[in-house]
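Could you put the whole structure together from the sequences, leaning on the hints where they help?
Same order as they appear, the protein sequences are chains Y and P. FYI, the numbering for the first sequence is 0 to 287, going by numbering that gives the first Met the number 0. FYI, the numbering for the second sequence is 0 to 264, going by numbering that gives the first Met the number 0.
Calculated from the structure, these hints are not laboratory results. Relax, there's no trap hidden among the hints.
Residues from chain Y shown here face chain P by an in silico Cβ test under 7 Å; the list is partial:
# : residue
1 : Ala5
2 : Leu7
3 : Arg8
4 : Phe11
5 : Arg14
6 : Gly15
7 : Met25
From the derived model, a few chain P residues whose C-beta atoms are all more than 12 Å from chain Y:
#  : residue
8  : Arg12
9  : Leu49
10 : Thr65
11 : Gln84
12 : Trp109
13 : Ala230
Even for Gly, the Cβ is constructed at its ideal location relative to N, Cα and C.
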Amino acid sequence: MSDAPADLRAAFLARGAEMEAAYPQMFRADWRTRAGTIGLIGGALLVYVLGLYDLEFSPSVIFHGMWRLADIVGLMLPPSPGTWDRFLLYLDALGQTLSIALLGTLAAALLSVPFGFLAARNVVANGILHVLIRRSLDTIRSIDTLIWALIWINVVGLGPFAGALAIASSDFAAYAKLMSEAIEAADRRPVEGVAASGGGRLTAIRFGIVPQVLPILASQVLYYFESNTRSATIIGVVGAGGIGLHLSEAIRVLEWQETSFLILMVLVTVAIIDALSGRLRGAIIGRR
Amino acid sequence: MLVLDGVTKQFGRARAVDTVSLTIPRGQFVGVIGRSGAGKSTLLRMINRLGDPSAGRISWDGSDVTALKGRALRDWRRRCAMIFQQFNLVGRLDVLDNVLMGRLAHADGWRAMAKLWSRDDRAIAMAALAQMDIAPLAPQRAETLSGGQQQRVAICRALVQEPEIVLADEPVASLDPRSSRIVMDALSRINRHFGLTVLVNLHSLDIARTYCDRLVGMAAGKLVFDDVPAALTDGVARDLYGLEANEVLERDDAPAPESGLAVTA
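Right, here's the structure in full:
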């Protein structure tokens, strides 16, 4: 080792040829992966352009449509419910939409707990049972809330009850999947710690896994409550109760001022829920 | 020469670093010691400008680095490399790419974004890895390496920046005694071989005494000791560490230096 400070760059570069000979693969850009990436992006672009062509997309239609949209926005101003009675009616419908979202989300969350555990591979080790539960959950999840609403309307009749059932049906499977994945990703060491102290299988799950997944599930449920407020508006359109029905009616009869008022009501509600759930989520997860 | 002049960092009502003044000549191997929470990390991070001082001035070779912005700030960070306790590598990138992060300030921005590293950059990075005896690990993902190996990758990343000063924030606090020795030897080697100034935060007094030319002690944000390691008697250490003293004065598992290097100090 020399005593005088060596120039770092020169010292390292001097070993360049030696390094290139010893590790040639580290000096080549990986063109195969790179070509793959470029090909994939190019392919996706091609499909997109072909799709636009197939759907007869034309810039002029968009352009003229924009003027029409501007007209409509102009007609929406200022937002107004029309009469005071109407406003109260809308407020009542909004409350109904909120109850649909709340009841649906809550029912889904409760129902998903046992299924989430059953669908987790580290809880239910039986392979066949695992696949069976996972696939059934996938099937339920693949049917959209709107379709569930149409089905439940035929079963229990028009109204908010069908709406709550629709949200519960589609969301419970989604939660169960999220939960089972959280359980599978949970740290194994606390479970081992509980088991090593003489805890049984159930107590190991109760104290080793539940405290880990509870914050994840709780924050998901809060997020879904917000998202379900919007979903509940949409399923109202097909007759599952709530503010959606009034919204679709207002659009159909071209009452643009009422339409914008209704949209505004939903917007404010969702914003309030978002702010509240953000605080609740922070309280549940705890600040680090 | 690194000069700190009345450097202070205020967090709300608490003073993490309290009017610290310090002059460090080029090529010195300086250990910053003190109990956890004494302000060692905050001090180091301010030198790299990961944190800005609330008051005071930091300068390198006469030019003020406290107020640098944009391009000039990035150039300063290139010249004062940082090594972290938790290594701060990108776990999903391979070892070579992690080391090449140290070439970012030298490389052309767009070529770097596309990972089109020049032959020279690759050669420098590979030679740095070879210097740390980990060149064969170059194609592996960084997260698959052991702690000691990851810290050596981090040292390589620092080296290829072609820095003038290396800041190491508790570089061995997460490592076992054997890896600690390898990492400290590596820092000692780059200090001697390339004449780089090294400023290292250490919790363990024995490592500090073994490797450093000079020790700087901090307590509650203030500079309370600045002398050669031999001047740090057990009595001074007890003042510095309080209740933790017995723990840091334990010498049994302290790493010994690489043979033949310790005497050159």
